[in-house]
Every structure is written in structure tokens, then in C-alpha cells.
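Visitor: Following the hints, position chain L against chain B.
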Amino acid sequence: MLICKSRSELAAMRQAGRIVAETHRILAREIRPGITTAELDRIADRYIRSRQAMPSFKGYNGFPASICTSVNEQLVHGIPSKDTVLKEGDIISIDIGAKFEGYHGDSAWTYAVGKISSDAERLLRVTEQSLYAGLAEARPGVRLYTISHAIQKVVESAGFSVVQDYYGHGIGTELHEEPQIPNYGMPNRGPRLRAGMTLAVEPMVASGEHHVRTLSDGWTVVTTDGSLCAHFEHTIAVTDDGFEILTTCE
Amino acid sequence: MVMRVGTLKEPKLGAIVRTLRGRDSGQYAVIVGIIDARTVWIADGDKRKFDSPKKKNVLHLEIFDYVSSEVAGSIQETGRVTNGKIRFALQKFRETVQTEGDGKELTNG
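Protein chains in written order, with my numbering: chain B, 1 to 250; chain L, 1 to 109.
Bound-form chain B, shown alone (with noise of 0.2 angstroms):
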């Protein structure tokens, strides 16, 4: 069932958002070769209950931490550790969500740990790209799809590839709510957009081959081949007439 959210919903979806992206903007000062990814983790905790939300992440089926860091080959859901210091030339994925009375904001950033490789540079530039390509397509009467075709095509044309095993997804009052949204597919297929729909956005993009493993911790998936990998995402608002990005300090 896809659910369209009320005025007074996405304006609580809203102040999910801010304060994801709030978080985002913190954590990316903070970022910087010695930091390890628990102190990150316990400064995004601070901040989001700060601001009267919770952080959706943690107990999330059993998830340990507040945000999700994920370093170099991996590509999400890396578990925050006292252990992994981050150092020059790593690139890090950090997924951040809140829960503010009751309504989920989810959004994922790729960040340079000091200066990066030019491929580095290039694969987060495209997969920031891809998202930005996918969500021009949102408003109403667009096939869902047609929003993964878009990304799918920025990422391919450069030569990387699409995660296929993981999706984004609808959101709301639950984390992970209809539809599944691939980030490959064939245009104008899929269930139409209405007004109202709140959706996570997240293309993932490996600089190798798409095929990916859980480690044994139950939790992070990485590239098999060891590749690099991306991950950028928004939740956002399909509007009467377009979209609104939810995850956003302005």
C-alpha cells in the first residue's frame, strides 16, 4: 500500500529531515584522519536527541549504533567502532535518520577523509550525481521507475556499477515503508507517483563490480571484489507539481 502523507505529516517529515541533515553538516566537520567512527557515531546520537528526536537507526532489527559508517569497500550499514580510525585518502559513507513525533527522516552522504584519489573523487561526484538525476524525474504521473532508470543511466555512462541487492524505499511512520525503489529499471514502469508519496532515495555505486557480501557481523555489506563503493541519498516529498527534498537544513 502506498501511503500519501497529510499536510500536517510532511511537516513533521520535515523536521525529521532537518535534523538528519543538521547531523549531516556536523558530522562533516568533524570528519578528518584519527576521528574514529564511534566518536562520530556519539556525536550524531548527542545531537539528534538534542533536538528532541530519536535516532531510528539504533535497535533498528537489532542494529547497535545510531548511524551507519561505512569505510572504503563498504557499502552500508558499517557498525561505528572505537577501532576503525578513519586516515587520509578513505572515503566514508555515513547514513543518518531521525524520528521526530513519530514521522522517520533517513539520509546518506559519502565524505572525503582528507584528500582522495581522483577515482575516489570521481566515483562519489557521479553517484551524487545519479541521485540528483533520478530525483529531477519525481512528480506526479511519473512511473516510478523511470526515477531508477535515471540514476541507473548516470552511473553506467561512467563506467560504474549499480548495487541491484539494495533499495530505497517509501517512508514515514515506519523506516522502511512501499514502494521498493531500485536504482536500475526501465522507464515508465512501476507504480505512478502521487502528491503526498515520501520516499528515500539512495543510489549505491561501485567503482567494481556490483555484486556485494554481508560480513559476519551480521551488518556490513561489502563489495566482493573490494571495490570502492558510494552512497548518497534524500528522503523526499513528491509535491503537486515536483518534488521537495526533505533532508535539508534550508
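Calculated directly from the structure, the hints in this document are not laboratory data. Hints may contain errors.
Computed Cβ-Cβ distance ranges for the label pairs, DEER-style [stated by the list, open to error]:
| # | chain 1 | residue 1 | chain 2 | residue 2 | range |
| --- | --- | --- | --- | --- | --- |
| 1 | L | G26 | B | K153 | 12 to 22 angstroms |
| 2 | L | R94 | B | E101 | 43 to 53 angstroms |
| 3 | B | Q52 | L | G26 | 45 to 55 angstroms |
| 4 | B | T36 | L | G84 | 58 to 68 angstroms |
| 5 | B | G59 | L | S25 | 25 to 35 angstroms |
| 6 | L | R87 | B | R32 | 54 to 64 angstroms |
| 7 | L | R94 | B | L215 | 33 to 43 angstroms |
| 8 | L | E10 | B | Q129 | 30 to 40 angstroms |
| 9 | B | G242 | L | D36 | 41 to 51 angstroms |
| 10 | L | T82 | B | N188 | 32 to 42 angstroms |
| 11 | B | R213 | L | D36 | 19 to 29 angstroms |
| 12 | L | D36 | B | S8 | 32 to 42 angstroms |
| 13 | B | R213 | L | I35 | 23 to 33 angstroms |
Here a beta-carbon is modelled for each residue, glycine too, at the ideal position from N, C-alpha and C.
Guide: Chain L only, in chain B's frame:
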């Protein structure tokens, strides 16, 4: 936090799936039996016939909204389905590529 493929969809008899793991990775098939919420039997009527289906964990499947009522109905009524009907269901799915179902919608307030 991303969603693992297939985690929202309950497996249904007759549903079209794409395998994500194993030697048959990337292949399309039809659910011809449900063992429990996490395990199903799949067949494609060709390399994997109805009488020798493959057991799969639903987490290793992409489950589409497309359900062949002919396959589901035959299994529910007789306990069996012909391999021809399985192949036909997959062919019909390929012609539509992906579901075009709009789904139901609920507007709150």
C-alpha cells in the same frame, strides 16, 4: 538505512522472482511452493522443472509484484502445474518487463 531486496514482500504462489544468489543468480523463475515465511520452492519450467524445484531463501530473491494466477490456481487446486504454464507465465512477465500496478493508496487526514 537501505532496504534489502525482498524484505517487504511476502512470498506468494505464482509470483515471479529473480535469483540474487547461487549459480542461478540473475535468472527468473516462479514460486511454486512456500515452505515458510523465509523459504520457497522455485521453478522455471525449463532448466528447473516443477518436479525438481529449487529451494531458495526469500532474502536471496527479488520478488516482483507480478503473480501468475494461472500457476497459483493450478497448484492450489491440484497440487501441480505444468512446465508449459510456468514458462508461459515467465514469458508474459518478460513482455511487461516490470509490474505496472499502481498499488492502493491511502490519504491520511
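Visitor: For each hint, tell me whether it holds in the structure or not.
Guide: Comparing the hints with the structure gives:
Our hint of 12 to 22 angstroms for G26(L) and K153(B) holds, since their Cβ atoms are close to 20 angstroms apart. At roughly 45 angstroms, the beta-carbon separation of R94(L) and E101(B) lies within the given 43 to 53 angstroms, and the hint holds. The beta-carbon spacing between Q52(B) and G26(L), approximately 46 angstroms, falls within the hinted interval of 45 to 55 angstroms. A C-beta distance of roughly 60 angstroms is found between T36(B) and G84(L), which places it inside the suggested range of 58 to 68 angstroms.
Distance hint for G59(B) and S25(L): a CB-CB separation of about 32 angstroms, consistent with the stated range 25 to 35 angstroms. Range check, R87(L) to R32(B): about 58 angstroms between beta-carbon atoms, so the 54 to 64 angstroms window is met. At roughly 35 angstroms, the beta carbons of R94(L) and L215(B) sit within the given window of 33 to 43 angstroms. A hinted range of 30 to 40 angstroms holds for the C-beta pair E10(L) and Q129(B), which are about 36 angstroms apart.
Roughly 43 angstroms separates the CB atoms of G242(B) and D36(L), a value that falls within the hinted 41 to 51 angstroms. Between T82(L) and N188(B), the C-beta spacing of about 33 angstroms keeps the proposed range 32 to 42 angstroms intact. The hinted range of 19 to 29 angstroms is satisfied by R213(B) and D36(L), whose Cβ atoms lie roughly 24 angstroms apart. For D36(L) paired with S8(B), a C-beta distance near 40 angstroms keeps the hint of 32 to 42 angstroms intact.
Between R213(B) and I35(L) the beta carbons are some 24 angstroms apart, a value that agrees with the proposed interval 23 to 33 angstroms.
Consistency with the previously given hints is maintained throughout, with no hint failing.
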